[in-house]
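> Take the sequences, apply the hints, and build the full model.
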Amino acid sequence: MFGFNDKIYGRILDHIVAEINQAAGLFGIHAKSHKPIEEILQEANASLSSINLTYDQMNRELIETKAQLQKLTKELEEKNKRLEKLVQLDSLTEVYNHGYFQKILGNQISLAARKISPLSLILMDVDDFKNFNDTYGHQTGDSILKELCTLIRKSFREYEMIFRYGGEEFAIILVDTAEHDARIVAERLRESIVMHTFRVQNKNHNVTVSLGVADIIPAVDGFTKRDLIAFADAALLESKKKGRNKVTVYGEKKSSSLNLFERAG
Numbered sequence: 001m002f003g004f005n006d007k008i009y010g011r012i013l014d015h016i017v018a019e020i021n022q023a024a025g026l027f028g029i030h031a032k033s034h035k036p037i038e039e040i041l042q043e044a045n046a047s048l049s050s051i052n053l054t055y056d057q058m059n060r061e062l063i064e065t066k067a068q069l070q071k072l073t074k075e076l077e078e079k080n081k082r083l084e085k086l087v088q089l090d091s092l093t094e095v096y097n098h099g100y101f102q103k104i105l106g107n108q109i110s111l112a113a114r115k116i117s118p119l120s121l122i123l124m125d126v127d128d129f130k131n132f133n134d135t136y137g138h139q140t141g142d143s144i145l146k147e148l149c150t151l152i153r154k155s156f157r158e159y160e161m162i163f164r165y166g167g168e169e170f171a172i173i174l175v176d177t178a179e180h181d182a183r184i185v186a187e188r189l190r191e192s193i194v195m196h197t198f199r200v201q202n203k204n205h206n207v208t209v210s211l212g213v214a215d216i217i218p219a220v221d222g223f224t225k226r227d228l229i230a231f232a233d234a235a236l237l238e239s240k241k242k243g244r245n246k247v248t249v250y251g252e253k254k255s256s257s258l259n260l261f262e263r264a265g
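Residue 255 in my numbering sits at position 255 of the sequence shown; the count goes up by one each step and never skips.
Because the hints were derived from the structure by calculation, they are not lab data.
These numbers come from a predicted model, not from an experiment.
Just so you know, even glycine gets a beta-carbon here, dropped at the ideal spot from N, CA and C.
Incorrect hints may appear among the rest.
Said to hold, decoys possible - In silico DSS-like cross-links for lysine-lysine, where the CA-CA straight-line distance does not exceed 25 Å: (1) K130 x K146; (2) K203 x K115; (3) K241 x K130; (4) K154 x K203.
Said to hold, decoys possible - Quick list of the computed label-pair ranges, beta carbon to beta carbon: (5) Q102 x K81: 14 to 24 Å; (6) E78 x R153: 23 to 33 Å; (7) G243 x I184: 18 to 28 Å; (8) L237 x K103: 41 to 51 Å.
Next comes the structure, spelled out in structure tokens:
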């Protein structure tokens with residue numbers, strides 16, 4: 001524009017830059033040379049690409065970690081359920097144990113009180129089981145108890161719960177069931193056990209059981225869990241006194257070992 005060639009322009013620009021640096025130096029400022037706009041944009045694009053790459057990597061890792069966490073959570077829930085089940089079960093017979101019996105019976109009594117409905121309890125004891133163990137050994141006795149529980153489970157509906165009360169004694173909770181129907185259930189169970197042949201180590205064995213039945217209507221009679229257990233236990237002891245292999249309902253003087261069909265006739 002002013003008729004200067006490129007060489008002169010270069011000298012002028014160098015002079016201006018030198019003057020700027022000198023002036024900046026007086027104020028303690030160190031002026032830096034400016035990069036070309038293309039170089040600045042290239043560096044910015046490179047930084048942005050690096051940021052995007054880092055974000056994508058972090059996002060993938062986050063998704064993978066979340067999936068692993070969900071898998072671990074599911075596995076933990078399944079293991080906790082199995083552990084809870086193991087805590088509830090008797091290790092030998094695989095029916096519910098005494099501790100779980102106490103919990104469930106309390107819950108069912110509370111439910112029966114709200115519904116104003118009856119609740120029955122059957123206590124069952126294997127007759128002369130100590131002598132059986134002394135004669136055939138505890139391993140044979142354990143096998144008998146395991147097979148007995150399998151037989152009991154087949155005799156009851158899914159929602160009727162069987163428990164190992166202790167040793168060779170078992171408990172069955174019957175919801176919405178009064179003593180009359182509970183007695184029929186107990187008698188059928190007694191008969192099925194009498195008719196069953198237990199086979200252990202190629203030897204046949206026969207066992208009998210004594211049963212005690214009791215019922216309460218918590219909302220009406222005010223009886224508690226402790227009362228119901230005591231009533232059923234007293235009925236069981238009465239069956240033992242009467243010669244075993246019998247069913248006794250609490251409060252009845254007469255215990256029964258008659259066949260159901262004979263009673264019906």
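> All hints are to be evaluated individually against the structure, with a verdict given for each.
Consistency of the hints with the structure:
The suggested pairing of K130 with K146 holds, with an alpha-carbon distance near 16 Å, which does not exceed 25 Å. Restraint check for K203 and K115: not satisfied, since their Cα atoms lie roughly 49 Å apart, outside the 25 Å limit. The hinted pair formed by K241 and K130 meets the criterion: a straight-line CA distance of about 17 Å does not exceed 25 Å. Between K154 and K203 the CA atoms are separated by roughly 23 Å; this keeps the pair inside 25 Å, and the hint holds.
Taking 14 to 24 Å as the suggested C-beta distance range, the pair Q102 and K81 conforms, at roughly 21 Å. At roughly 24 Å, the beta carbons of E78 and R153 sit within the given window of 23 to 33 Å. Against the hinted window of 18 to 28 Å, the Cβ-Cβ separation of G243 and I184 comes to about 21 Å, which satisfies the hint. Hint check: L237 to K103, Cβ distance near 25 Å, so the stated range 41 to 51 Å is violated.
When the structure is compared with the earlier hints, violations turn up for hints 2, 8 and for no others.
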